[in-house]
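2 protein chains.
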Amino acid sequence: MRGVLMHAPGDFRVAERERPTVVEPTDAVIKVTATCVCGSDLWPYRGAQPFDAPSPIGHEYVGVVEEVGDQVTTVRPGQFVVGAFCASDNTCENCRAGYQTACVHRRWMDEMGAQAQYLRVPLADGTLVATPGTPDEDLVPSLLTASDVLATGWFAAEAAHAGPGKTVAVVGDGAVGLMGVLAARQLGAERIIAMSRHENRQKLALEFGATDIVTERGDTGVAGVKELTGGLGAHSVIEAVGTQESMLQAIRSTRPGGHIGYVGVSHDVTLDGQELFFSHAHLHGGPAPARRFLPHLIDLIWNRQINPGKVFDLQLPLEEAAEAYRAMDERRAIKVLLRP
Amino acid sequence: MRGVLMHAPGDFRVAERERPTVVEPTDAVIKVTATCVCGSDLWPYRGAQPFDAPSPIGHEYVGVVEEVGDQVTTVRPGQFVVGAFCASDNTCENCRAGYQTACVHRRWMDEMGAQAQYLRVPLADGTLVATPGTPDEDLVPSLLTASDVLATGWFAAEAAHAGPGKTVAVVGDGAVGLMGVLAARQLGAERIIAMSRHENRQKLALEFGATDIVTERGDTGVAGVKELTGGLGAHSVIEAVGTQESMLQAIRSTRPGGHIGYVGVSHDVTLDGQELFFSHAHLHGGPAPARRFLPHLIDLIWNRQINPGKVFDLQLPLEEAAEAYRAMDERRAIKVLLRP
Chain A
398 MRGVLMHAPG DFRVAERERP TVVEPTDAVI KVTATCVCGS DLWPYRGAQP
448 FDAPSPIGHE YVGVVEEVGD QVTTVRPGQF VVGAFCASDN TCENCRAGYQ
498 TACVHRRWMD EMGAQAQYLR VPLADGTLVA TPGTPDEDLV PSLLTASDVL
548 ATGWFAAEAA HAGPGKTVAV VGDGAVGLMG VLAARQLGAE RIIAMSRHEN
598 RQKLALEFGA TDIVTERGDT GVAGVKELTG GLGAHSVIEA VGTQESMLQA
648 IRSTRPGGHI GYVGVSHDVT LDGQELFFSH AHLHGGPAPA RRFLPHLIDL
698 IWNRQINPGK VFDLQLPLEE AAEAYRAMDE RRAIKVLLRP
Chain B
398 MRGVLMHAPG DFRVAERERP TVVEPTDAVI KVTATCVCGS DLWPYRGAQP
448 FDAPSPIGHE YVGVVEEVGD QVTTVRPGQF VVGAFCASDN TCENCRAGYQ
498 TACVHRRWMD EMGAQAQYLR VPLADGTLVA TPGTPDEDLV PSLLTASDVL
548 ATGWFAAEAA HAGPGKTVAV VGDGAVGLMG VLAARQLGAE RIIAMSRHEN
598 RQKLALEFGA TDIVTERGDT GVAGVKELTG GLGAHSVIEA VGTQESMLQA
648 IRSTRPGGHI GYVGVSHDVT LDGQELFFSH AHLHGGPAPA RRFLPHLIDL
698 IWNRQINPGK VFDLQLPLEE AAEAYRAMDE RRAIKVLLRP
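One line per chain: the protein sequences are A and B, in this order. Sequential numbering from 398 applies to the first sequence in this note's numbering. Sequential numbering from 398 applies to the second sequence in this note's numbering.
Not one of these hints is a red herring.
Any copy will do: because identical chains look the same in the list, a pair fits if it lies in one copy or spans two.
Result set (SDA-like, lysine to any residue): computed pairs, CA atoms no more than 20 angstroms apart in a straight line:
no.: 1; residue 1: 623; residue 2: 490
no.: 2; residue 1: 623; residue 2: 503
no.: 3; residue 1: 428; residue 2: 474
no.: 4; residue 1: 623; residue 2: 502
no.: 5; residue 1: 428; residue 2: 399
no.: 6; residue 1: 623; residue 2: 494
no.: 7; residue 1: 623; residue 2: 493
no.: 8; residue 1: 623; residue 2: 489
no.: 9; residue 1: 707; residue 2: 533
no.: 10; residue 1: 623; residue 2: 501
no.: 11; residue 1: 428; residue 2: 505
Worth flagging that the hints you see were computed from the coordinates, not collected in a lab. Predicted, not measured: the structure shown is a model, and the values here were computed from it.
Isolated chain A, as found in the complex (with noise of 0.2 angstroms):
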C-alpha cells in the first residue's frame, strides 16, 4: 500500500509500505477515506525533533472498519470510524477520569502512520467510535477533525473554562485556534477574541463564532486583550501555539484566577515560576484526550450542528503529501486533507 514516510526533515515522501494485519486480537484495519497533516506533524518535519530512520506518520484518519481481531465487540467490518489520535483502552483509571491520552496502555497513532491507504488501529474498542451509518461525503472533512484537531481545541477550550459570560482569547490562528474558538462558541463564551495576523484566517475565525481580532501578538498583543477586557485579562485563554512567546502571551493575557487551556506542544518553553505564581492563573493542557470528547462532537457534525471541516482549505491526493507539508510549512494552508 502507499503511505507517507518521513525520510529526512523537510524530505517526507510517498512510498510503498506493508499492507497492516491485524496483530493483537484487540487491534482493528481500517481503510483510510481521509486523513491529514497536523500542526505537530511540521516539528519533524522541521527537524524541531529528531528521527533516525524512515519512519510513519500521521495520526488523524476516519476510515472504513476492514478487518477486527478476536476480541474486539464495538466495531465490525463496514462501519464508518472516526478515531483518536491516540489509542486508549478506554478502561483504566486514567481513562475512565478522561485521560486517554494518558492511558495506562496508551499508544500514539503516529507510530501506527495514519497517512496511508490502510491502518492498524490499536485498542479498537476503546480507540474508535462508529458513525450512526456511512457520513454523506460532505460531513467527512468535519468528522476527520475530530480525530485530532477539533477535540484538542474542544479540550482547551473546556480547560481553558470557556462557557456563558466568559471572555475567551484565542492565542494562534492555526487550525486547533480556530476550533478553539468554535468550540469557545458552543460553549456559550460570550465575548471571544482571536489573536490573528492573517486575514483568511481572521475571516474564518469570525465565521467559527470569534466577536473581536486582536492583530498585534507578545506584550503588544497582551496589551490589546486587556484593552477589551477593562484592563484585568480574559477569563478565558487558549493556548494553540506551543512556543515560549506564546505561553507568555497567553498567561499575561489572562485574569487573575482565569483559566489557560494549553494545547500547542511545548517545544524549549520553560516557565518562570514567580509570575506565574503571581498571574492567579490556572493552567492546565497537554495532549487531549481526544476519545473523551469523540461521541459529542460526532453527534454535532452528524446533525450538522458545526461546520469544523471548514478548517480545510487544501484537498490534495494522498501521493501529493510532500506538496501537503510544504503548503502547511509556508503557511500558505490552513491544514491540508489528503485522499488515500
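Please arrange chain B on chain A, whose structure you already have, making use of the hints.
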C-alpha cells in the same frame, strides 16, 4: 511603639517605630494582640530578597480596633478583628471573583509591618473581619492562623480540589503544609499523604488529619506517593515550599488530570513546558486570597471545629523577635507567635 525592623539579612531586631495613625479615611488602626513570623519572612532574613534600608516587616495579625477613618463602616473601635495579609477593597472585579490578593487596590501588609504593637490597616472594610465577640484567650493563636497560614493552606487544598474520594499529597511540612493537611481533612479528603522527614511535624500532620507519611523527598518521595496510589499518583497535591525540587515533586506526584495547588512563594523556580504538558496536571496557586476564606475560617475556629493554633510550637514576647527568627531559620520551631 515597639516593632520589628529588618536591618540586614540575619539581623531583624525590635526597635522604636512611630505609632501609626489613620491616614486615609478607609484606614483602621489596631492594637495588635498577636502576630507571628511567616515562612516567607525567612526569604529576606536569609538574604534571598534584597532590601535597601531598614524597613518594617510582618503581615499576620489579630487585634483590637483602636481607631477608624471616616469611611469605615464594617468595624468599629473595641472590636476584635482578624485581617488578611494583603489589604484589598473587596469590591473590585478581581476581589468579587475571589482573588483579593489581586485587588486593583492591593496593599501588602508587610509594608505596614504587622510585627509591632500597633498596625495601620488600609482598606479596613475590605481587609478586616470582626469576630462575634472578644475571643477566649485560647482561641487567639487559631484566629491568628486565619490571617495567612491557615487561609493559605486552605486555598492550596481548594486549588488542589481536595475533597471526598480524593487522595491528597502534601509537599512541605512547614506551617502552610500542615494547614494544608488540616484543610484537606475538613474538605473531606479520603486519604492525606504528608511528606515529612521530621518526627514532630509528622506527629502534628497526623493530628491534623494525615493518614500516611512519606519521609523521602525528590524522586524517591514521588515513588513513595505512587506506591500508595496504585502507580498513578495523587488526585490532589498541595505544594507548600516554593523551590524547584518541591515543584517538580508536586508535578510528578500528581496523576493525569489531577490538581496541584501551589502556594510556596516561588524562588528560582523554572518549569519545563514539555514536562508540564505531558503531566496533564491542573496547576493553580499564587498568593492566597485569605480574605475570601476569613469568615468561614473564623466560624470554624469560633465553634471549635478546628484547632489550627497548635501549629505554633513557640510563643515569645515581641521583644524577643530576633530569637523567633533564629528559631524558625534553624527549624527549631515550626511557627512562632509573638505577643506585643
